[in-house]
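There are 4 protein chains.
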Amino acid sequence: MISCEIEIDIRFSETDAMGVVWHGNYLKFFEDGREAFGKAHGLEYLTIFDKGYVTPIVKSEIDHKAPVYYGQAIKVITRYIPTKSAKIQFEYEVINLSTGELCAVGKTMQVFLDKDSRVLELITPDFYREWKESYNL
Amino acid sequence: MISCEIEIDIRFSETDAMGVVWHGNYLKFFEDGREAFGKAHGLEYLTIFDKGYVTPIVKSEIDHKAPVYYGQAIKVITRYIPTKSAKIQFEYEVINLSTGELCAVGKTMQVFLDKDSRVLELITPDFYREWKESYNL
Amino acid sequence: MISCEIEIDIRFSETDAMGVVWHGNYLKFFEDGREAFGKAHGLEYLTIFDKGYVTPIVKSEIDHKAPVYYGQAIKVITRYIPTKSAKIQFEYEVINLSTGELCAVGKTMQVFLDKDSRVLELITPDFYREWKESYNL
Amino acid sequence: MISCEIEIDIRFSETDAMGVVWHGNYLKFFEDGREAFGKAHGLEYLTIFDKGYVTPIVKSEIDHKAPVYYGQAIKVITRYIPTKSAKIQFEYEVINLSTGELCAVGKTMQVFLDKDSRVLELITPDFYREWKESYNL
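Protein chains in written order, with our numbering: chain A, -9 to 127; chain B, -9 to 127; chain C, -9 to 127; chain D, -9 to 127.
Just so you know, these hints were derived from the structure itself, not from any lab. One thing to keep in mind: the hints can contain errors.
Identical copies carry no separate label here, and so any pair may be met within one copy or between two of them.
As the list claims (entries may be wrong) - Computed list of lysine to any residue pairs in SDA-like fashion (alpha-carbon distance at most 20 Å, straight line):
#1 Lys41 <-> Leu92
#2 Lys105 <-> Gly9
#3 Lys74 <-> Lys97
#4 Lys41 <-> Gly9
#5 Lys65 <-> Tyr118
#6 Lys122 <-> Gly28
#7 Lys18 <-> Gln62
#8 Lys122 <-> Val44
#9 Lys29 <-> Ser88
#10 Lys55 <-> Ile113
#11 Lys97 <-> Arg1
#12 Lys29 <-> Ile(-2)
#13 Lys65 <-> Glu(-3)
#14 Lys74 <-> Ile(-2)
Construct the complete structure from the given sequences, taking the supplied hints into account.
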């Protein structure tokens, strides 16, 4: 299983009036995780774009286990979840580095659209199949 | 089943470099839906706060069906999902008003924390039980 | 002087850990004000785009006078500030509707770029000159 | 003059439908700059809070010189601007690391409020005067 870890300092603007990170911001942390994964493993947004595709998120889930406060930092672990379909799936774990607690887990699913027509690609694109093969996925 | 509908004009700042609403912003639309539901049906954040609780989101899901572009407006339908446990659950439908398309569905789950201690309330708070009874839920 | 007024309910996600609206969100309120102004007076982003231009913000200023809390609503007054140069200038006033207080004032300046080349247009575009003339500006 | 430099990778969620970083997000970059400055020079938000104060932004300005695109990284230089009044002032420069261009400059001003009463502190707090003296400011 291939994965990637990053650390993020919480921005003040990411907190809400309960004094904790606003729940929707975890989708930004997941995005940061995907980006870092893409850079580390050759699956960047811009590489995909150059191959002729955009890969919008079609499904996302977040389970919150514990709050994160301003002044704390988190670690986001992004794991690639293999699938036979023409999709990109990731799982995420968010660890509060200040407490060691698991504070959230989540999942996302992306599909391939032709970047110009925005038509859904039902068959796994060649470059993605090759990328998966290079990792024995 | 009790529900609430609101209409939202897409903000330019809510779009991304694909020219569509960035997927994470749907959690803001869901929040707008919950707020409007709370106002319409007497379950506002500040009412709950006055009763001694905060109700953080512990789970959220979004399924995207179609993109929404800048210049378009959406309708968010928020439906209360009854549960016997000490939780607040909603389902959401987002309709693109410019095309009539269903563009996203989603769910959220909230729990009750004591507003001062932030300890989880395992038993349905009285005011919430009464609120449910008043709607025969 | 032509202007436009809108009312906005504060989103929970727009507050920060000080319990007030995060300062940067006022630029979203200004954007909402510009949008509404554009719709009311025929100067929408998409109209401008159809004429061949995008109009990025090149300068913005915010002066905060008083905080706005969650649960409150604001009124944004957007005033067009005439200029002889190829620019679009607005001034904004943000009134806290719950207290009647002036809570912020601000300004923005936009320029015209060719939408394809992204080259700066130094001369007032015809459609904009005609728009100004139609309002005797 | 004391200052601090940080590097930031642009998030996809920070772009807008023009394909560039949405102008309001620069206030987040300035916030990141202030945070880093605070950590580097002992003027953190939480240190100030422990001394009994919060320091809201009362004024901010951004001048945009050039766009920043997704896939690019920026450097934010945060410079402390000395003042005799009970205020904290910073200037910012944002450099596009992919092009070397100066893409934005800005300023912010913060005041001291008593953290409980939220009353404005007109006299420079002792800890801040001592902090300034330690840097000969």
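Against the structure, the hints:
1. Lys41 <-> Leu92: neither (36 Å within a copy, 29 Å between copies)
2. Lys105 <-> Gly9: So Lys105 and Gly9 pass the 20 Å test across copies only (11 Å; inside, 40 Å).
3. Lys74 <-> Lys97: Close inside one copy (17 Å), not across copies (27 Å); limit 20 Å.
4. Lys41 <-> Gly9: between (43 Å within a copy, 18 Å between copies)
5. Lys65 <-> Tyr118: For Lys65 and Tyr118, neither the intra-copy (27 Å) nor the inter-copy (33 Å) Cα distance is at most 20 Å.
6. Lys122 <-> Gly28: For Lys122 and Gly28, the Cα distance is within 20 Å only inside one copy (13 Å; across copies 44 Å).
7. Lys18 <-> Gln62: both (16 Å within a copy, 17 Å between copies)
8. Lys122 <-> Val44: So Lys122 and Val44 pass the 20 Å test inside one copy only (18 Å; across, 40 Å).
9. Lys29 <-> Ser88: between (26 Å within a copy, 16 Å between copies)
10. Lys55 <-> Ile113: Classified as between; 19 Å across copies, 36 Å inside a copy.
11. Lys97 <-> Arg1: Between copies only: 19 Å across, 23 Å inside.
12. Lys29 <-> Ile(-2): Both: 16 Å inside a chain and 15 Å across chains, each within 20 Å.
13. Lys65 <-> Glu(-3): The answer is both: 4 Å in one copy and 18 Å across copies each meet 20 Å.
14. Lys74 <-> Ile(-2): Intra 32 Å, inter 35 Å, cutoff 20 Å: neither.
The structure does not agree with the numbered hints 1, 5 and 14 stated previously, though it agrees with the rest.
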